[in-house]
Amino acid sequence: MAEFYNSIGSLDRKWHVGLMIVSSLLAISVLGPGWYSEDVLAPYHWHYSFFSWLCHQDPTRSFDFMGAQMAVCSRCLGIYSSFSVGIYFLWFIKIVGYQLSYPFMRKVLLASIVMNGLDILSNALNIWTNTLYSRLLMGILFGLAAALILGSVGTIKPKPTKFHSV
Amino acid sequence: MSTETTYHGMPSYWNSVITAGLITAIVYSVIGLASAYLTINGSTGAGQGLGITACLVSSIAGVISNRMYAKGFNLMYPIGKGALLGFLAGLVTLLVGTAISLFWTQIIDTGMNDALMEAQILTMEAQGLTQDQIEQALAFSPDPGSLNGILIQFGIGFVSLSIINVISGIISAKIFAKEEE
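In the order they appear, the protein sequences are chains C and B.
Quick note: the first sequence uses the numbering used here, first residue 1, plus one each step.
Quick note: the second sequence uses the numbering used here, first residue 167, plus one each step.
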């Protein structure tokens, strides 16, 4: 039973290593083909097909990397790169023996989702205009929170039941 | 009410998986089709504006399946099961999304793929590519209506949707399949 709770409370080693590998590959893939392809046809490489299911890949909302558009938009770049960094950071946290609080990380994750939602909505309604860097920052907040919550421990206390006197 | 149980005594997750896959596939297909038609009609700005909402939409299959399963049956389970639910929901999303796409392009609007191809060629010409370069670029993506094109897109979608929904499934299992004091 202790092992079962441990697998929920924190990320066990095989899942951690697997996520480190997968997140690293994703973070490198989103950079696009610019670092190895110099031709003008770089935007049509496999990177774009792969992430076409996951991102709109709008050129006006994406960074360039070494002469070619990245495979994802700036927000997604922030998400994938910070998720990978977060997974590696969890390893460091385990080594030093620190424990992240699950209730706190849940609030942080929720706040990052709300902030991203508000950012998208307010930009769509022309309340404000986001930029490549502001979307990158929003993506970083979400990706980091999503990674760190996996290594957090603790439980949520249920809301107290209200009793009415008779 | 009796529920179908698995070998390990837990309720069956297939209802949650299929529902999550269906919802995600329909949302993704609607956004994709609307964006495509806006692009074909020359409203590239509106098409891109709508397409912005498509970012990571396909990852919600893992979230929905885990939430439905965990909260629906009031269960607690390890993240491995969450990953499995996410993977299966992603697979259902891919199958249903591909079926919707084929149904639309082969029966409802048979000229859509050609129109999208023309729009893509116009975009490449506007970028200053030569005819040889345009043909090379088109060679990177196979004919969308061909069996080869469908299989390649299916294969790419299988890998990308699996990975992203396994990750979203793991995170969702951590959040929803967790005990309360």
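The hints are simulated quantities; they were obtained by calculation from the structure and are not laboratory data.
Computed from a predicted structure; not experimentally measured.
C-beta: ideal position from N, C-alpha, C; glycine also.
Be careful, since some hints might not be right.
[Stated by the list, open to error] Subject to a maximum C-alpha distance of 30 Å in a straight line, what follows is the list of computed DSS-like cross-link-like pairs (lysine-lysine): (1) B/K344 <-> C/K107; (2) B/K344 <-> C/K94; (3) C/K14 <-> C/K107.
[Claimed, not checked] Not the full set, but computed from the structure, chain C residues with beta-carbon under 8 Å of chain B: (4) I21; (5) V22; (6) R75; (7) K94; (8) F104; (9) L121; (10) A146.
[What the hints assert, rightly or not] Among the chain B residues that face chain C by a calculated CB cut under 7 Å, a handful are: (11) S224; (12) R233; (13) I316; (14) L317; (15) G321; (16) I322; (17) S328.
Results of checking the hints against the structure:
1. B/K344 <-> C/K107: The given pair, whose Cα atoms are some 15 Å apart, holds under the 30 Å limit.
2. B/K344 <-> C/K94: Holds, at about 21 Å.
3. C/K14 <-> C/K107: At roughly 27 Å apart (the allowed maximum being 30 Å), C/K107 and C/K14 satisfy the hint.
4. I21: violated (11 Å)
5. V22: Cβ of C/V22 sits 6 Å from chain B, so the hint holds.
6. R75: For C/R75, the interface hint holds, since the closest Cβ of chain B sits about 6 Å away, which is under 8 Å.
7. K94: violated (16 Å)
8. F104: violated (13 Å)
9. L121: Check failed: Cβ of C/L121 comes no nearer than 10 Å to chain B, outside 8 Å.
10. A146: Since the shortest Cβ distance to chain B is 6 Å, the answer is holds.
11. S224: B/S224 check passes; min Cβ-Cβ to chain C is 5 Å, inside 7 Å.
12. R233: violated (14 Å)
13. I316: violated (13 Å)
14. L317: Cβ of B/L317 sits 13 Å from chain C, so the hint is violated.
15. G321: violated (10 Å)
16. I322: holds (5 Å)
17. S328: Violated, about 10 Å.
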